[in-house]
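Peer 1: Listed below are the residues making up each chain.
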Amino acid sequence: MTHALLGLELAYWQQTIIRVLAGVTAILLLTGGVVYLYLFKFVSFMQSRLGPMEAGPYGSLQLLAEVGKWLQKEDVFTENSDRFIFGLAPAIVLASTFLMFVVIPAGPNAVIADLGTGIYYVLAMSSLSVLGILIAGWASANKYALMGALRAGGQLIAYELPLVLAVIGVVIAAGSLNLQDIVAAQSEGEIFGWGGIGNPYVLTQFVAFGIFMIAVQAELAQTPFDMPVAESELVAGYMVEYTGIRFLVYFISEFATAVGFAAVASTLFLGGWALPASWGISDGAMHVIGPIVIATKAVLLVGVVFWTRFSFPRFREDQLQRLAWKFLIPIALANILVTAVLKVAF
Amino acid sequence: MSNPLSAFLRDYLTVGIFASLAFVLVGLLLFISWLVRPDRRQAQKYIAYESGVDPVGDMWSQSQVRYYIFALLFVMFDVEAVFIFPWATQLEVFGFFGLIEMTIFIVILLLGLVYAWRKGVLRWV
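Heads up: the sequence lines are chains A and B, in that order.
With our numbering applied, the first sequence corresponds to residues 538 to 883, in that order.
With our numbering applied, the second sequence corresponds to residues 4 to 128, in that order.
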């Protein structure tokens with residue numbers, strides 16, 4: 538079966554090359570943009586300073602300068618480290634991040650692979666990164682790295698559950714795991730019979746949205762939940778022994794994952810690439826508008842994550858587990874039941 | 004159909020290609036880095052970094068594992084999620100019957116969580 542991409546009939550390999558290259562470009566561009574926008578500028582303005590100003594206009598090429606710096610760093614291994622595993626770990630984390638993006642649609646046809654398992658696949662792939670983190674901590678032959686990796690493991694599995702359970706509420710409402718179907722359900726949906734803005738699930742599944750964003754904050758190990766990389770306790774957790782380009786790969790993964798989770802959240806809760814069906818915009822126009830719409834939503838949601846990151850102090854380790862197990866998971870389960878009752882009743 | 008691969012398998016082939024691209028990207032970065040980086044070996048560089056103090060004892064030191072109970076609980080709830088997902092997609096078909104069934108399932112699991120809670124397992128010692 539040949540899909541029509543932009544009205545052209547292309548062979549599978551031609552489509553794949555276009556989709557894969559466009560996907561990688563989109564990931565790297567969005568990640569770079571988010572790093573500049575939030576990590577360099579947003580936080581600087583929050584702290585009453587200018588941030589980078591020298592490289593390029595308003596420091597916009599600072600990230601390229603940083604990459605150039607990291608490329609020139611010497612490649613250092615600790616003497617006892619398991620070098621093969623140590624080198625493999627960043628690639629596993631990056632691959633897990635890339636794989637998250639595969640099913641996120643950016644238009645009627647702009648998706649790398651439209652898998653039927655959709656959101657379930659995203660959740661599975663995002664949890665692969667914990668493997669990379671655990672083996673990184675283990676192979677580093679460093680006490681702090683090992684402790685950081687174990688903390689990361691405990692945290693990531695604790696918050697995996699609220700994440701998964703929150704998504705189930707959306708799956709019940711949309712009746713499908715496929716992300717294109719979920720987008721269509723929101724675009725064509727109605728709130729109490731009124732379809733003026735469709736049915737973005739942030740309005741009807743707001744509990745799930747809240748739980749999802751808190752869990753995302755923890756999965757990303759951003760500040761209220763950054764015990765795995767707590768610099769004042771563990772130096773930098775599982776990343777202690779990584780230098781130069783290998784550290785850069787972790788850095789890219791961290792921010793690309795933030796973009797990925799934000800894109801997933803905007804697909805699940807904010808309507809994804811689609812505009813409400815009642816606005817009557819043709820599929821042809823959506824091929825162009827769609828990527829812009831989802832990129833805007835995703836970047837804004839990353840902004841929420843970083844706003845939280847730069848505003849809150851770090852939790853203690855016991856508070857972290859208590860929040861997940863005693864609050865988020867029971868609330869998420871209750872949300873599933875309430876959503877199911879409402880779905881069956883109406 | 005003339006193609007030997009079904010559309011379903013092709014989708015997963017695309018996934019595989021995309022995953023391998025991550026490894027290619029890391030390889031490419033390492034290669035560029037290898038071209039431009041210095042290589043000045045000194046014994047001190049390869050000591051594990053512990054905030055500048057010489058590391059003491061075995062690097063794979065033992066520490067108290069508080070995580071295994073959480074890991075067990077995680078497995079329990081993750082398997083639960085595996086059962087809930089297919090049910091969630093088919094809820095309209097099952098209707099009231101499916102709702103009752105899943106309510107019983109989730110309540111039993113909630114009881115498990117409450118039991119673990121009362122046992123003090125969820126408390127960080």
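If you're looking for bench data, these hints aren't it; they were derived computationally from the structure.
All of these numbers come straight from a predicted model, not from anything done at the bench.
Using N, Cα and C, we set each Cβ at its ideal position, and we do this for glycine too.
Careful: at least some of the hints might be erroneous.
Negatives, chain A to chain B, calculated, CB over 12 Å [to be verified]: (1) Phe614; (2) Thr634; (3) Tyr658; (4) Ala682; (5) Val744; (6) Ile826.
Derived pair list, reagent style DMTMM-like, types lysine to aspartate or glutamate, alpha-carbon separation capped at 20 Å [stated by the list, open to error]: (7) A:Lys880 - A:Asp651; (8) A:Lys606 - B:Glu95; (9) B:Lys48 - A:Glu854; (10) A:Lys880 - B:Glu95; (11) B:Lys48 - A:Asp619; (12) B:Lys48 - A:Glu611; (13) A:Lys578 - A:Glu727; (14) A:Lys880 - A:Asp718; (15) A:Lys578 - A:Glu616; (16) A:Lys606 - A:Glu591.
Peer 1: Now tell me, hint by hint, if it's right for this structure.
Peer 2: For each hint, the structure was consulted:
Once the 12 Å rule is applied to beta carbons, Phe614 of chain A is inconsistent with being away from chain B; the minimum gap is 7 Å. A beta-carbon of chain B comes within 12 Å of the beta-carbon of Thr634 of chain A; the shortest separation is about 7 Å. Under the 12 Å C-beta cut-off, the non-interface status given to Tyr658 of chain A relative to chain B is violated; the minimum distance is some 8 Å. Listed as a non-interface residue, Ala682 of chain A fails to keep its Cβ farther than 12 Å from every Cβ of chain B; the least gap is roughly 8 Å.
With a minimum CB-CB distance of about 15 Å to chain B, Val744 of chain A clears the 12 Å threshold, and the non-interface call stands. Look at Ile826 of chain A: its CB is around 24 Å from the nearest CB on chain B, clear of 12 Å, so calling it non-interface holds up. A distance of roughly 26 Å separates the Cα atoms of Lys880 of chain A and Asp651 of chain A; the hinted pair therefore is violated under the 20 Å criterion. Distance check on the hinted pair: Lys606 of chain A and Glu95 of chain B sit about 56 Å apart at the alpha-carbon level, beyond 20 Å; violated.
About 32 Å separates the Cα atoms of Lys48 of chain B and Glu854 of chain A, which puts this hinted pair outside 20 Å; it is violated. At most 20 Å may separate the alpha-carbon atoms for a hinted pair to count; Lys880 of chain A and Glu95 of chain B meet this at roughly 8 Å. Proximity of Lys48 of chain B to Asp619 of chain A is assessed by CA-CA distance (about 16 Å); at most 20 Å being required, the pair is judged to hold. Distance hint between Lys48 of chain B and Glu611 of chain A is fulfilled; the C-alpha atoms sit about 10 Å from each other, no more than 20 Å.
The straight-line distance between the Cα atoms of Lys578 of chain A and Glu727 of chain A is roughly 39 Å, outside the 20 Å bound, and the hint therefore fails. Between Lys880 of chain A and Asp718 of chain A, the direct Cα distance comes to roughly 17 Å. Compliance with the 20 Å bound is thereby established for this hinted pair. With a C-alpha separation of about 38 Å, the suggested pairing of Lys578 of chain A with Glu616 of chain A is violated against the 20 Å cut-off. Under the criterion of a C-alpha separation no larger than 20 Å, the hint pairing Lys606 of chain A with Glu591 of chain A is consistent with the structure, at around 15 Å.
Consistency note: the structure conflicts with the earlier hints numbered 1, 2, 3, 4, 7, 8, 9, 13, 15.
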